[in-house]
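4 protein chains.
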Amino acid sequence: MKAQRVEMFVCPSATPADTSGLQALADAGKIKPDTLVALVGKTDGTGFHDDWARIWADAALREWTAKFLGVPKDEVAKHVIFVLSGGCPGVITPHIAAVTREWVEDGEPSTDKRLAVGRAGSESIAPEEVGRMGMIRKVASATHEAMKDAAITDPKDVHLVMVKVPGLTVASINDAESRGLTVVSHDLTFGPEGAGSYANDAAALGVAMALGEVPPSKLSDDVVRRDWDLYSEVAMTSSGGEKRHGEVVVFGNSTASVSPLVIGHSVTKDFIDAQGVRDALRSAGLHFKDGLPDEGDLSRLVHVFAKSVIPGSDQVRGQHITLLDDHNAYQIGKALGGMLVASVTGRTTNYVSGGERNSHQGPPGGNIVAAVVRAD
Amino acid sequence: MKAQRVEMFVCPSATPADTSGLQALADAGKIKPDTLVALVGKTDGTGFHDDWARIWADAALREWTAKFLGVPKDEVAKHVIFVLSGGCPGVITPHIAAVTREWVEDGEPSTDKRLAVGRAGSESIAPEEVGRMGMIRKVASATHEAMKDAAITDPKDVHLVMVKVPGLTVASINDAESRGLTVVSHDLTFGPEGAGSYANDAAALGVAMALGEVPPSKLSDDVVRRDWDLYSEVAMTSSGGEKRHGEVVVFGNSTASVSPLVIGHSVTKDFIDAQGVRDALRSAGLHFKDGLPDEGDLSRLVHVFAKSVIPGSDQVRGQHITLLDDHNAYQIGKALGGMLVASVTGRTTNYVSGGERNSHQGPPGGNIVAAVVRAD
Amino acid sequence: MKAQRVEMFVCPSATPADTSGLQALADAGKIKPDTLVALVGKTDGTGFHDDWARIWADAALREWTAKFLGVPKDEVAKHVIFVLSGGCPGVITPHIAAVTREWVEDGEPSTDKRLAVGRAGSESIAPEEVGRMGMIRKVASATHEAMKDAAITDPKDVHLVMVKVPGLTVASINDAESRGLTVVSHDLTFGPEGAGSYANDAAALGVAMALGEVPPSKLSDDVVRRDWDLYSEVAMTSSGGEKRHGEVVVFGNSTASVSPLVIGHSVTKDFIDAQGVRDALRSAGLHFKDGLPDEGDLSRLVHVFAKSVIPGSDQVRGQHITLLDDHNAYQIGKALGGMLVASVTGRTTNYVSGGERNSHQGPPGGNIVAAVVRAD
Amino acid sequence: MKAQRVEMFVCPSATPADTSGLQALADAGKIKPDTLVALVGKTDGTGFHDDWARIWADAALREWTAKFLGVPKDEVAKHVIFVLSGGCPGVITPHIAAVTREWVEDGEPSTDKRLAVGRAGSESIAPEEVGRMGMIRKVASATHEAMKDAAITDPKDVHLVMVKVPGLTVASINDAESRGLTVVSHDLTFGPEGAGSYANDAAALGVAMALGEVPPSKLSDDVVRRDWDLYSEVAMTSSGGEKRHGEVVVFGNSTASVSPLVIGHSVTKDFIDAQGVRDALRSAGLHFKDGLPDEGDLSRLVHVFAKSVIPGSDQVRGQHITLLDDHNAYQIGKALGGMLVASVTGRTTNYVSGGERNSHQGPPGGNIVAAVVRAD
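Chains as they are written, first to last, in the working numbering: chain A, 1 to 376; chain B, 1 to 376; chain C, 1 to 376; chain D, 1 to 376.
Hints should not be assumed to be uniformly reliable.
For chains that are exact copies, the list does not tell them apart, and a pair is met inside one copy or across any two.
Unchecked claim - Quick list of in silico lysine to any residue cross-link-like pairs, SDA-like style, CA-CA up to 25 Å:
| no. | residue 1 | residue 2 |
| --- | --- | --- |
| 1 | Lys67 | Asp154 |
| 2 | Lys243 | Gly312 |
| 3 | Lys2 | Asp154 |
| 4 | Lys269 | Asp294 |
| 5 | Lys30 | His320 |
| 6 | Lys78 | Thr19 |
| 7 | Lys73 | Ala59 |
| 8 | Lys269 | Phe288 |
| 9 | Lys113 | Glu213 |
| 10 | Lys30 | Gln319 |
| 11 | Lys218 | Ser178 |
In short, the hints are calculated from the structure, not lab data.
Using the sequences and the accompanying hints, generate a full structural model.
Next comes the structure, spelled out in structure tokens:
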């Protein structure tokens, strides 16, 4: 029986176009054209709409990957999934994490569950489905397929699902309306009623539906960005107008994996909840000492993936905060998520993405944290 | 023998001009015209130069205090020291802490040291002394006087020294130069070579000199903002062009106090060092459980005072961060300090001030944290 | 027959709370408790949501006015209309313009039309009417009443209509929905689909309806923020959640006025159209020389009121601009409007307000400019 | 006799990496490997320190040019001078202007002066010379050489001098100090006492010295960034730590040129002086009608180069402005310069650079404007 062997390599980036870390991995034979499945990273800059660093990073990484795989640039996406999140305010080190999966002969069955990765594309998602049940159902289906690809059967073994879905554009809105259909919003931003927020949140509910976190009976167009009690604890989603279908990457643990890595997750219960970050490390199997991660054992920590969605309320534990009023709230919120993780892990090379206020990604006011650890 | 009884009351502010918390304290008899010695607070807004919230808060508080004391507005400063720090990005709740001191008859001598407060004004500081030895020496003298006022003799019992000193202005520079003298900088900002930064840092070295943290032999004009190994662990300083002399408030513990409060302090060793915050709470006497503050005991925590000076280096624990490049670095740095404290204390009403890069306030890359706790 | 005599005095403000200019006018007898009808001003700061300068200015002006009128603070609004617009980026001098109207005996009828001012409150506007026909109709009615109050009969004599209307709040949305009704948006911002934008724009269409700029047959809920060819050339509107009804101030010229002032207006056809500003000055009667305002005659210019709504398109005269992508687009857009006016008038004390993208206030891509001139 | 034929082509850029306009020019034979002498452009983004768009543009343009010239990337600078200015806030269209010069046989001597271009590198500039007389003298010499290269003898024929000089770095400061020498500043920013500002301003005074705008007797280390009455009307300068010598490009008119283009210049007398922009167009030979550029003739306008240094004073024509207090003052100042030019030229594709407060580039409070026009 073939088993998958998944590895994850984290390379700090000196500039948005820095591919030297990836090249070193390639030169050392650690990543190969047929094992590279995903590049997940954080790029320099503000993360605002007028920040070009993410676009530059995307161009440079795609060019590097095309050469590495020996395929044309516009075919790279068929082979490797890119998840680039812009903005490294504060104590988030810009970096790229390369995820590889190779298939090895594995004589003996294992009881240990190890890191498994699976991918799937969804069916094409029409503009009128964006942010609505159509998108939710198609993302749910793709999540099931990605679980199958990862050889994970129990939803409890899934600890992180990264999803990219189509947003809306002027053109796609026109398309839907010319067919007599409505769209979820005419606001093309990621504001509270923005199409981008609706798309991200429908994708999160799709994951929640697939994993049984939310029963299908509770789902309808009307609950998206309205009923915050419905959420996924493992979905990190993003959207862009240029896509036509969704892409799903599932990370979990499976006995069909012989990876040296294990993944775990938890959620923070509010914006200052360091315990939630500690729980994620514990869930992944890190040893603790005196209530804190054992410093000696932290060397086993490979990577942390965290969301930093800013809360919908201006109260944290009964006290008033002014974050929601701030002109730079999304940037500051992302920075704060970075500090929460770094202050627990003692390192700054963490994946922390944000940019929304309120979300079905994680519980109301809290956020998702997943951790990958080298098994001991 | 008379003993001092110091109290501290923390009032969240709904707006910069909100004096309702102070009024409630006054109505309840907790603060009285002859016991109020200091108002220390954080105000809403960005904390940038174009943020008017701090100015508004200052005007509103001075007006309220003048009425409360029954003195003209321009005499308030003789009775009550105001330390208002602008900018509450992220998870810092705008608030005012009122510090009171009353003198009580205390028959029996005590071995317990309790919170004591002392104040002193320095001699007049000339523009040519700003940021130089003249300022250092005058702040050191005033610190000694404030210790005497607080009835503290051992420098080890001092845990927080708040200092306000004159900065430079176009007028004061002209004054010095017309007398054939030079000034430390023509840059009136708080930038790396700004007069404001030099003033803040000379004040910090003055405290360090007074407390024996730095031997006088190591001090000279040339070390200010050059030799970062010289620093105070307890000095929080600020400067403004309009002042002519320094003001010093010392917080420490003394057997001559019968306050129900105790103060302690520690420093963070770098920008993500949550342990430094925990150490400050422990230093003040808070109980810990499993390496973390005992949640039940956190109700004894009265207040935390922390600096969040951004580091001079773009490396944290060997990893590159981009904070120093950020256009909003001071705002984000302050927000991060707020998160570091809040993630340990579980509350957002903390005094966290920032606005400099590199400082003699705390060790290189790290920051000062002081905590006030109700004695158990 | 009684005739109105309207005056306008422009006072630069040194700080948001500066009322010294108004006090000097009061001391000189130029404004009196029974003649002051409106205070229209620009306040220091960024104009973003976390800018407290406008709130402070409002508090300080209301306090001053209450004392001046001898009425309680919460009754000031019955006597004097406040229009304060936050944010003076670039070359916009913070200022307050005081508008007075007194009634004088005027024996002889005049053919000259002079500046007239009229005010009216609208009927109460329910949350479900905000941004929709209900609001449009009620603002239209109030505009007619305010014209009557101003003694203006011909809509062509109206050159500026300032309107304040209710926006939506969490509470008012709940109110409407609890009665089984819908609201125009759940987005409480001034973003593209924000309730604030809908409210402002419905108010503008209400003015357009009243003045015959848009025929009633073309108006419906569906055209608001959709059909940009419908607009007013004279409506400057704002909205706030706290109001329950609309307030309308009409500025125009009337033979029933013996004011020494005259008003005129024009629109810019796009964002860089200095000619539109010149046309407004010419419309008000300023003399020109060689295509430019005669410098000697500019002393007759009393004040300019301009909008600086940023365009919906990223093209200006066929060239691509990046303003719409900018994180500070509204601040920069306001600054640019200030420059456009200042570069024509040669002065910086101009009222320029902004904060929206696309609007029924002025033509698509262009903006409204009104000018008040001392008659020669 | 050989005569130069200079051309200038302005290509809007859709993204920072957009080289399609240059490629189209190359394909059409308008620019050739041996005629391309300079690329001068504005790039997307904020223009702040954390804006990566300029870096990306530089990388992409250098790569394109290397391929175009058939030389290695690191030799491009020997052949083509790059001047890229970051930040296109408001109404500045991102663009690249390609400057070409070819040598043609020109039988008959001409009396018409046409656009001529000359380049020169300065001697190596040591860190202790940065911002001081050493730099001033070396830039002056290089300016004379570049004039010679351009075949311009009369300084009055010089209308624009673009200069790039070394700034200071931590390493170069250490180098100077290890040799017992001082440097002009330890502040590596472009703040009021920043090394970058001193470098830019010494370069400007070097041009002023070369062109006789300032007599050598008035120049000394002490006047740099102190005596603002000394300035050049044609110098646009920039600095970067990585350079070791200065680069100078002179644009002027010469009878030794058979270019179809002519250049002229003027200065604005203050920040809102549209007349200064009009004067620059008139100086270049554009026809005017009624005091304004003749719209029909504007098609002859090829390009405008303007500085937008923000003023040192907070007064414009006796009125207070708050620009200097603004956190985004440099971005807003640049945007305002863009509007001032665009409101006169009716187009947004103008080169407008800024980023300093006060400068020897242009008169106190005013700025330099140069215009290139197709001769009629």
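Hint compliance check: list the failing hint numbers for this structure, sorted ascending. Those not satisfied come down to hint 1.
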